[in-house]
Amino acid sequence: MVTHARTEPGGAVVVTGIGLVTALGFGVEASWPRLLAGESAIRGLPSERFTLPIALPVRLGAEVPRAELAERIRGAVPRSVWNTSAPECHVWLLAALEALAHAGLWPGEAGDGAVPMPDADRTGIYVGTGGGAHGFAESEYIRVYTAEKAVQRDVSRFAIPMYMASAFAGQLSILTGIRGPALALNSACSSGSSALLTALDALRLGRCDRAVAGGADLTLTASTLKGFANLGALSLDTAAGPRACRPFDATRAGLVLGEGAACLVLERAEAAARRGATPLAVLMGGAVNAEAHHLLAPREAGEGMAECMQAALADADVVPERIVHVFAHGTGTRQNDACEAAALARVLPQGPTVSATKAQLGHTLGAAGAIDAVLAVRGLQTGQAPPQAHLTQPDPACPVRALREPAHTELGPRGDPARAVLVNAFAFGGHNASLLLGPALAGGEGSAHA
Amino acid sequence: MKEALIAKLQAGRPVHLSESEAAYLTEALREAVATTLEVPVAEIADGSLVFDDLGLDSIDVFDVLDQLSEQFEVPVALEELPETFLRGNEGATFRSFAEGLLRYFREAPVPPTPPSDAG
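Chains as they are written, first to last, in numbering that gives the first Met the number 0: chain G, 0 to 449; chain P, 0 to 118.
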């Protein structure tokens, strides 16, 4: 278990900007209302979408459309950036630039790297990704083997800098002028949450005053789909279409892969106040741990997950009763959901409302925790959270209080310090991560501690 | 013109380039540099310093060469290009850049060095 470094008194870490790309849309406001309405981005994908010549048992997914992604990145960054980076990096850059613009740190249009970033040497980048540029690598290999023209049957000059996951951080640094720590982290499906917690540590330790942190993954490649299918983790319920992922439901049949990226601008409260930034929420604390148990499965009664949530509560100095909503990991697999429900029952016996957005967005792997963190910020701002979609037959083995209607949430409005939201992300390898976010105080300092 | 030039280039180096073919390649290079730098072609003057005035860097050189490879369907071996193409040759003009590219195509390729047995 990792105990996170604490800030000195009054040194809260606030969120001042958020950015999001999901299969429901580019930008926070493109996804948020559709999530509240219970809309699912999961759909059947055409066979032409997958170029690797292997038979796929299912082609369901929540896809970020590639043509729109390409168009948007070309409108947002110079050629020298988009031409030397993979689509997986593009989706991250779009989320990061939205978050920076939201925080008042980016003009919201193409720059040349000379855009002045205040305190650039005191700003860090922390991005989590499960697969890095896996899809780009797969398409490169296919191209090298199958290109009709001889000149195309060679590895791209840019292959290496495009493959490497660290390029997500490096390209954002080059683009924005950020010169503090710039790291890419991997803890599989909790990568985004791990990145946020690593950023939190850096801010608490004073290694930087501001951090651009989140996660990104484009998952819908043939080898990833087939790999998850061969593990028995994938929902093969093609007939259910958009309802193929059903977290906590008795009929749940597995996960559906999704794609996306999310980014939060985190700042030490005094640094945000110094430049007049408005806190949106507080990242109160969190924890990561490892299960030391099994490569693919959590401990049976969710002990490792529970320990992680308890450590997060302790780190944030929050009592369980203050948790009013949980963004559950909720993959829709038999084992994960039962284990997480057991862990929640143990740690939060008062039964806060729960929703798992993977029902609508698919499992975005390394982006998932960061996506839910962005949604938690919106929830704390608006008093709403997405309902638990596709839950019609609650599984008695998953005794969670699933959120049925977004208007019924108990999330506190801005200025109410008595609420906190838990965001869970768990991963193959036993990498657990839990985050706690609270509302920003009306006065702006941001500490949500009671 | 272009199809015939592609056929000549694909036949292998050294390539005998006519004046019109050399001019065609030069303009293709100018367009590639402009595309890379996202500036109008007219801004790429013969006397422009490609690194100092235009701001080309080593990554941009890769992009320029990739565009030419794609357009003419031949690989362009960076290691056989004149030093003009390398960042650090601060006095390089677009004219010298183009001359270097033409010289590359007009010269025979350097024979590959046999692998050394030395441990």
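FYI, nobody ran anything at the bench for these hints, they're computed from the structure. Glycine included, every Cβ here is placed at the ideal spot set by N, Cα and C. Accuracy of the hints is not assured; some may be wrong.
[Claimed, not checked] Some, not all, of what chain P presents toward chain G, calculated at C-beta under 10 Å:
{"no.": "1", "residue": "His15"}
{"no.": "2", "residue": "Glu18"}
{"no.": "3", "residue": "Tyr23"}
{"no.": "4", "residue": "Glu30"}
{"no.": "5", "residue": "Thr34"}
{"no.": "6", "residue": "Thr35"}
{"no.": "7", "residue": "Leu36"}
{"no.": "8", "residue": "Glu37"}
{"no.": "9", "residue": "Asp56"}
{"no.": "10", "residue": "Ile58"}
[Claimed, not checked] Simulated DEER-style distance windows between Cβ atoms:
{"no.": "11", "chain 1": "G", "residue 1": "Ser46", "chain 2": "P", "residue 2": "Lys1", "range": "31 to 37 Å"}
{"no.": "12", "chain 1": "G", "residue 1": "Tyr140", "chain 2": "P", "residue 2": "Gly11", "range": "25 to 31 Å"}
{"no.": "13", "chain 1": "G", "residue 1": "Ala296", "chain 2": "P", "residue 2": "Ala6", "range": "19 to 25 Å"}
{"no.": "14", "chain 1": "P", "residue 1": "Val40", "chain 2": "G", "residue 2": "Leu55", "range": "27 to 33 Å"}
{"no.": "15", "chain 1": "P", "residue 1": "Tyr23", "chain 2": "G", "residue 2": "Thr277", "range": "55 to 61 Å"}
Going through the hints against the structure:
With a least beta-carbon distance of about 21 Å to chain G, the hint placing His15/P at the interface is violated under the 10 Å criterion. Taking 10 Å as the C-beta cut-off, the interface hint given for Glu18/P is violated, the closest approach to chain G being about 25 Å. The beta carbon of Tyr23/P comes no nearer than 18 Å to any beta carbon in chain G, farther than 10 Å, and the hint placing it at the interface is violated. About 14 Å separates the beta-carbon of Glu30/P from the nearest beta-carbon of chain G, more than 10 Å, and the hint is not met.
About 7 Å separates the beta-carbon of Thr34/P from the nearest beta-carbon of chain G, less than 10 Å, and the hint is met. Interface restraint check: Thr35/P against chain G, minimum CB-CB distance 7 Å, threshold 10 Å, status holds. Taken as an interface hint, Leu36/P checks out: its beta carbon lies about 8 Å from the nearest beta carbon of chain G, inside 10 Å. At its closest, the beta carbon of Glu37/P sits 5 Å from a beta carbon of chain G; the interface hint therefore holds under the 10 Å criterion.
A cut of 10 Å between beta carbons decides the hint on Asp56/P: the least distance to chain G is about 8 Å, and the hint holds. Using the Cβ-Cβ criterion of 10 Å, the hint placing Ile58/P at the interface with chain G is satisfied: the shortest such distance is roughly 6 Å. Taking 31 to 37 Å as the suggested C-beta distance range, the pair Ser46/G and Lys1/P conforms, at roughly 36 Å. Distance hint check: the CB atoms of Tyr140/G and Gly11/P are about 27 Å apart, consistent with the given range 25 to 31 Å.
For Ala296/G and Ala6/P, the hinted distance range of 19 to 25 Å is not satisfied, since their beta carbons lie about 60 Å from each other. Under the hint 27 to 33 Å, the C-beta atoms of Val40/P and Leu55/G, about 45 Å apart, miss the expected range. Restraint check, Tyr23/P to Thr277/G: a C-beta distance of roughly 57 Å satisfies the suggested window 55 to 61 Å.
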